[in-house]
Every structure is written in C-alpha cells, then in structure tokens.
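Sequence lines, in order, name chains A and B. full-length UniProt numbering puts the first residue of the first sequence at 1, with every later residue one more than the last. full-length UniProt numbering puts the first residue of the second sequence at 1, with every later residue one more than the last.
Heads up, some of the hints might be wrong.
If several chains are the same, the list does not tell them apart, and a pair holds so long as it fits within one copy or across any two.
Stated by the list, open to error - In silico SDA-like cross-links for lysine to any residue, where the CA-CA straight-line distance does not exceed 25 Å: (1) Lys53 with Leu35; (2) Lys16 with Asp27; (3) Lys10 with Lys53; (4) Lys32 with Leu59; (5) Lys10 with Leu59; (6) Lys53 with Gly28; (7) Lys10 with Asp60; (8) Lys32 with Asp62.
In short, the hints are calculated from the structure, not lab data. Owing to the predicted nature of the structure, the values given are computational and were not obtained by experimental measurement.
Residues per chain, in single letters:
There are 2 protein chains.
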Amino acid sequence: MSAEVEEMLKRFSTMKNIVGIVVVDYDGIAIKSTLDNTMSVHYAAHMQLLTEKARQVILDLDATNEFTSMRIRTTYFEIILVPLEHYFIVVLQNPCD
Amino acid sequence: MSAEVEEMLKRFSTMKNIVGIVVVDYDGIAIKSTLDNTMSVHYAAHMQLLTEKARQVILDLDATNEFTSMRIRTTYFEIILVPLEHYFIVVLQNPCD
C-alpha cells in the first residue's frame, strides 16, 4: 500500500471516537480494514457507489473541479470518505462529545 | 414553504463565505435559490441524484439508520446538503479562512 495511504491511516487512527477504518479500491473491494469481514465488504461496496456518484456529480457541474472529501452525518455516526489515487478511505466516527 | 425551511435558510444565510443557497424538492426542482437560473437548475438536479444515493446507501447498510446531512469538499468550495421532509437544502460555501 502506498505511503500516502499509510500516512492517512496513521492520521485517522489518532482521531477521537473512531469506530472503524476501511481502505477500499475503486472496484469496491476492501483491502485493509479494522471492521469485521461482513461489515468491511458492505461498507466497501456501498461507499464505492457513493464515492463514484459524488465524483461524477462534481465533474458534471464543472469539469475543472474535483471532489476531495465527503462527510456524511447519520443518526448513529459519521462517515468520512477520502478519495486517493488508487484507493479511498472510509472512516466511521461516533459524533464528538 | 414550511417554517422548518425558512428557519434553515435564515441560519445558513448568517454563515460566513456563503456563495449560494438552493432549496430543492425531491423531484430535483429548485424552488428557491440565490444562484442564477442555470446554476440553480444544474445544482438542483445533480444534488438530488447525490442525496438520493446517500439516503439509499445509508439505508441499505442499516435499515434503522438515517442520512441527516452531508458536506462535500471540492477543489473550489464546499457543498452542504441537508435533507428535510419535503425539500433538501444545498449550500455552497467557500472554504473558511
């Protein structure tokens, strides 16, 4: 895995209230994860769909612009998506106190 | 428009670095906007697709969970999406200093 990914993982793992981190390739396959196998597979596949849609929507609105990250708030937790060159990172975080 | 939407608009319009605010119905039609007509139509349609995908992905992962908001960072600006009952709000914001 590239140094960029390792650096990101290190940065995220020091953040507070982290529930899980998954590294996903652009085929939607989890290649590294702190979640159990079932959760990793589900999150990887679903977040790949969402990352792809976000990337496409931002490009369609302005071909010179680029999607750099996304934070999704849900009832239970937050999901952070960071697209890198060959992978994207999914971070699940409990809301901060 | 409902009091909930008016309240949200008031809240967002006091935020710093706001570029534009669009209120969109779930058919992807802009019903109120501070952007010009072309931009409003584009943002409404594209953000409706993204909101729908986010809502669906979060539900598919856990049927008891719910998507409550999203912040997308791009090279040029940030996009905040807040789904309400009958509409969702799209806020374009320049990155904070």
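Going down the list of hints, with the structure as the test:
In this homomeric assembly, Lys53 and Leu35 come within 25 Å of each other (Cα to Cα) both inside a single copy, at 24 Å, and across copies, at 23 Å. For the homomeric pair Lys16 and Asp27, neither the shortest alpha-carbon distance inside one copy (29 Å) nor that between copies (38 Å) is at most 25 Å. In this assembly of identical chains, the alpha carbons of Lys10 and Lys53 never lie at most 25 Å apart, being 27 Å within a copy and 30 Å across copies at closest. Taking the shortest alpha-carbon separations for Lys32 and Leu59, only the inter-copy value of 24 Å comes in at or below 25 Å, while the best intra-copy value is 28 Å.
Taking the closest pair of Cα atoms, Lys10 and Leu59 never come within 25 Å of each other, the shortest separation being 30 Å inside a single copy and 30 Å across copies. Within a single copy, Lys53 and Gly28 get their C-alpha atoms as close as 13 Å, and across copies as close as 16 Å, so both meet the 25 Å cut-off. When the C-alpha separation of Lys10 and Asp60 is checked against a cutoff of 25 Å, the pair qualifies neither within a copy, at 33 Å, nor between copies, at 29 Å. For the identical chains of this complex, Lys32 and Asp62 are inter-copy neighbours only, at 22 Å across copies versus 33 Å inside a copy, given an alpha-carbon limit of 25 Å.
The structure is inconsistent with the numbered hints 2, 3, 5, 7, although it conforms to all the rest.
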